[in-house]
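Peer 1: Model the full structure from these sequences, guided by the hints.
The chain contents come next:
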Amino acid sequence: MGDQMLTTVDWARAQFALTAMYHWIFVPLTLGLSFLIAFFESIYVKTGDQEWKKLTKFWMTLFGVNFAIGVATGIILEFQFGTNWSNYSWMVGDIFGAPLAVEGIFAFFIEATFFAVMFFGWHRTSKGFHLFSTWMVAVGSSLSAVWILVANGWMQFPVGMNFNPDKARFEMENFWEVALSPVAVQKFTHTTSSAFLLASLFVIGISALFLLQKRHQLMAQRSMVVAAVFGLVASGFVAFNGDESAYHIAQRQPMKLAAMEGLYNGQEKASVVVMGIINTSKKPGDTLPVFHQELKIPGLLSLLANRKVDSYVPGINDLVYGNAERNIVGAQQRMVSGKIAVAELANYKAAREKGDAATAASALALFGQHKQDLGYGYLNNPEQAAPPVAITFYAFHVMVALGTLFPLVFLMVLVCAYRGTLANQRWLNRACVACIFLGYLAQQAGWVVAEVGRQPWAIQGLLPVGVASTKLAAGHVQTTFFMFLTLFTLLLVAEIRIMMQQIKIGPEA
Amino acid sequence: MIGNLDIQVLQQLWWLIVSVVGSLFLFLTFVQGGQTLIFTTAESEEEKTLIINAIGRKWELTFTTLVLFGGALFAAFPLFYATSFGGAYWVWMLILFTFVIQAVSFEYRKKPSNLLGARSYEIFLFINGSVGLLLIGAAVGTFFTGSSFSLNPYNSVTWGTPYHGLEAALHPFNLAFGLFLVFLARTLGAMYLVNHVHHDPLVRRARRASWINLLWALPFLLIVLFGLITMDGFAVDPASGQVSLEQGKYLHNLLGMPAVLVLLLGGLSSVIYGVAATGFLGKNCGIWFGGIGTVLVGLAIFSLAGFQNTAFYPSSSDLQSSLTIYNASSSKYTLTVMSYVAIGVPFVLAYVAYVWKLMDAKQLTLAELTGKDAKEMY
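First to last, the sequence lines map onto chains A and B.
Be aware that the first sequence starts at 27, since it is given in our numbering, and climbs by one per residue.
Be aware that the second sequence starts at 109, since it is given in our numbering, and climbs by one per residue.
Don't read these hints as lab results, they were simulated from the structure.
Don't take every hint at face value.
As the list claims (entries may be wrong) - With beta-carbon atoms standing in for the labels, derived distance ranges:
| id | chain 1 | residue 1 | chain 2 | residue 2 | range |
| --- | --- | --- | --- | --- | --- |
| 1 | B | Ser228 | A | Phe508 | 18 to 24 Å |
| 2 | A | Trp202 | B | Phe455 | 20 to 26 Å |
| 3 | B | Gly356 | A | Asn406 | 50 to 56 Å |
| 4 | A | Lys530 | B | Leu373 | 57 to 63 Å |
| 5 | B | Lys465 | A | Glu203 | 37 to 43 Å |
| 6 | A | Thr430 | B | Gln116 | 53 to 59 Å |
| 7 | A | Val362 | B | Gly356 | 54 to 60 Å |
| 8 | A | Val259 | B | Ser228 | 39 to 45 Å |
| 9 | A | Phe508 | B | Phe455 | 38 to 44 Å |
| 10 | A | Tyr347 | B | Gly349 | 42 to 48 Å |
| 11 | B | Phe455 | A | His149 | 25 to 31 Å |
| 12 | A | Glu203 | B | Ala482 | 50 to 56 Å |
| 13 | B | Ala469 | A | Glu203 | 43 to 49 Å |
| 14 | A | Asn406 | B | Gly349 | 34 to 40 Å |
Claimed, not checked - Covered stretches of chain A, going by a simulated chain B footprint (3 or more residues, C-beta under 8 Å):
| id | region |
| --- | --- |
| 15 | 88-99 |
| 16 | 104-110 |
| 17 | 124-133 |
| 18 | 146-152 |
| 19 | 195-203 |
| 20 | 516-523 |
As the list claims (entries may be wrong) - Pulled from the structure, derived: some chain A residues nowhere near chain B, Cβ distances all over 10 Å:
| id | residue |
| --- | --- |
| 21 | Leu44 |
| 22 | Arg241 |
| 23 | Gln247 |
| 24 | Val255 |
| 25 | Val300 |
| 26 | Phe317 |
| 27 | Leu326 |
| 28 | Asn343 |
| 29 | Tyr444 |
The beta-carbon is built from N, C-alpha and C at its ideal position, and this holds for glycine as well.
Peer 2: Here it is as structure tokens:
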């Protein structure tokens, strides 16, 4: 990898991060708000109360504004695999393309078809079919999340495949292993439940704003109660599968877990760092302290990671340099093996080209012994195997702290609603408004943990980002980066302005 | 049953499936065509809004079909996905750009405080319907004219020009293909408006627009057809997989696959009848003849490119780097799995058709746009 290619990879990573982060501003709201709207409309159909219909249509307007831009950023993500990551597309397209195609067939068409009925079918279809369509939009949104998270789960924990040296690519061997991978299942449950949580915060926050302004009070209180119940249930799921997520990461991506906790040297009875200020000068292998300040709970990380308080949790140094005492093979050792795999793959292909069957067979046999380390063969030094620790650490802690706060907010909303004091609790309503921003912050932080924490891998342990990218001059990717940055920012500003105007107009208009 | 199929059969089956999705997309570009009619066929703000609301209820279907087309190519022919998207970088990036600005424009155009003003969003729609389709046409044109690229032994692509795909739009055949698609989409858009809008002056102009745009499309169609039957094509030796240039290859394909010739002629006749029925016979059903005809023409085009031992994504600079449906495909296992998944497609088409019928049962009127639900309209 020359300097030029590194720069191209950097821009490609920046562009993917940009698109994914913008996409994840809009998508969680779509995922969660679609269900809330379905709840609201169900109550309207059940009761026949026009106030519920008005309420449904108000939230639907905000949903529509948000939905379109989510779709727009999504198409860029899909095609970016081809444009910026063409080697990735070839090397794992045999596995990765399938979930994307299934998503198109079974999810996007449901959304696309029933979205039109949901918005324009009030007088063109029956009340029952309209409600059915609203539910189908919600179901379709979640189905699309299933398949894209199956794809992402496979990138975090590649299963159900084998490497084909003739084609120089990974090929699928078991679809069900890919689709039902525990990481994929966990990713889906954690991501969608957190999206439900965000949408609940969004509805509660805007409703609280109405209460503060003493406008649309009935609608606001009704919305808040439904959203708080939904949000509280979602919070329970988020907490439960967040714990599961940590366990899976500990077992399958120990480097990511070490970065999340700033754990450089492995420990028995490893501590969870509740709060800490990371020493950003710290690098793998040096003797600098990890934290300037930290507050720890001893043994909790071992318990979360291995379900045993006194178990050993490997640190970044163990995973980079290895730890013979603990039987941990580090990146340093795997690089040696990986470079043999890379060289033997080249020898095999050259021998096949020349028709030298004997050399090809021996190269293939040697490649087979080292192929599990193929990805490490492309690293330049073992320290490259560690992700950026400070970003991963802070993002993880922000996510967890906010995830702990939100259920308390939902609970307080419900208690005040039960007591009939919701409209008078100005401090709570102000907190609810602030929680809209905090909800988005937690969402972004979650994806930063997931994606930054698995660097330098496009496919965990198999394909580093430097090999996965397209052979392009950096200027091309840099130009499209700024094109999309400008466009997405412009559209985001437009979206926020439109939403704020719609909120100002309110449901009565 | 599918598991017992030979890999060559699966590869052909998937080229057919991809062709069907691509052809359906071409039909659904009536949305893009309609987007460009707002500046030529509408004479008032009301008429413009009628057009946008009529086609705006279908924009997501077109968009989703394009996404599925990409997804199906990724799953079934990942080497094409990697080579074309990574190599012809700029042509695809610009296409995507036009689809991003389309996606928000319907929703944002009439909303207060939309930052850019309604006119900007209308221009976005026009750009998507014209530049977007022109570039898609140019990209598909390279299936026949080829592109300058080479693949290394690891199938990593190196593009032969610094323009990364934009050069395709300067090739006369590709340009003609793109312009044909633009005017065909406008023809289809006009026919859809006739079918779905209840507004006499606008419908009268849409009827006229349908045949005028077909007239505009005709010279470009003739260039494409003449090019197809006279140009050298990229033939594949089925035994060795070697690619070579063959004089009149696509004409040979056409004559060697009579069913494709029938598809092409039948499709063109159907489009022409649809336009005649709309423009001169006062019928509203022309869009269906136009739509079915477009799908048939699309199937014929994709079949000419991929079947009969032809390289569907040829390299003009390094013939042996050309992609065929055999060397660019996924493994047998993946194609088999995806074939089981594809069994769901008819069910998808069935509910799409049902909802379409339900939503289009009544024509769109101005009263609907200005009624009590006006706030929700585009």
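Peer 1: If you check each hint against the structure, which ones fail?
Peer 2: Structure breaks no hint.
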